[in-house]
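Colleague: Sequence:
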Amino acid sequence: MPRRRDRLRLGACLDPGGHHVAAWRHPSAQADAGSNAAHDRQIARTAEAAKFDPVFLADGVSIRGDDLDALSRTAIRYVGPVEPPSLPGDRDGFAARVVPELQRRSLFREDYKGPTLRENLGLPRPVGRGSVPDDEP
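Under the UniProt record's numbering, the sequence shown has 57 at position 57, and the numbering climbs by one with no breaks.
For the record, the hints were derived by calculation from the structure and aren't laboratory data. As the structure is a computational prediction, the values presented were derived from the model and not from experiment. Heads up, a few of these hints could be off.
Unchecked claim - In silico SDA-like links for lysine to any residue, alpha-carbon gap of 25 Å or less:
id	residue 1	residue 2
1	Lys113	Pro124
2	Lys51	Asp6
3	Lys113	Arg125
4	Lys51	Arg25
5	Lys51	Ala38
6	Lys113	Pro126
7	Lys51	Gly114
8	Lys51	Arg104
9	Lys51	Ala96
10	Lys51	His19
11	Lys51	Gly93
12	Lys113	Val127
13	Lys51	Lys113
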C-alpha cells in the first residue's frame, strides 16, 4: 500500500474567557485574558511547542452586529477585544509573521474602500428586526 503524503493538521481555536460559560470561575482562569498580550503569546508558544499548525485566539473583533444592548443579552457576554491601537508593540510581532504569508498567498490588502468590515468583505447587511435599512447611515 502506498504511503499517504497528506498529513493531519491540528489547529487551536481559543476563547479568552474559556469555552464554557462558567470557565471564568476556575481558580486558574486568566482574568484579563482578552486584553493581555503576554497571555496570548504564551498560549501561542505552548500550542506551537505541541506542534499545532494554526492558532486562533478569538477576541471581540468580529461581525456580530451593532446593537450592543441586544448583544449584551446573548450568550456572548465576554467583551475584551485586543485592539491594535491599544497594544501597538504587540502588532509588530503579529505583522512580522502573518503579513508575509498573506502576501505570499495574494491575500493581503493594503487599502479598503468601505467604512465597515462587512462592506470590505462584500457581505450583505443583515435583514432582521434590529437591522438598519440600506438607505440609512
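Colleague: Which of the numbered hints are not met once you compare them with the structure shown?
Modeller: Of the numbered hints given earlier, those the structure breaks are 4, 7 and 13, listed in rising order.
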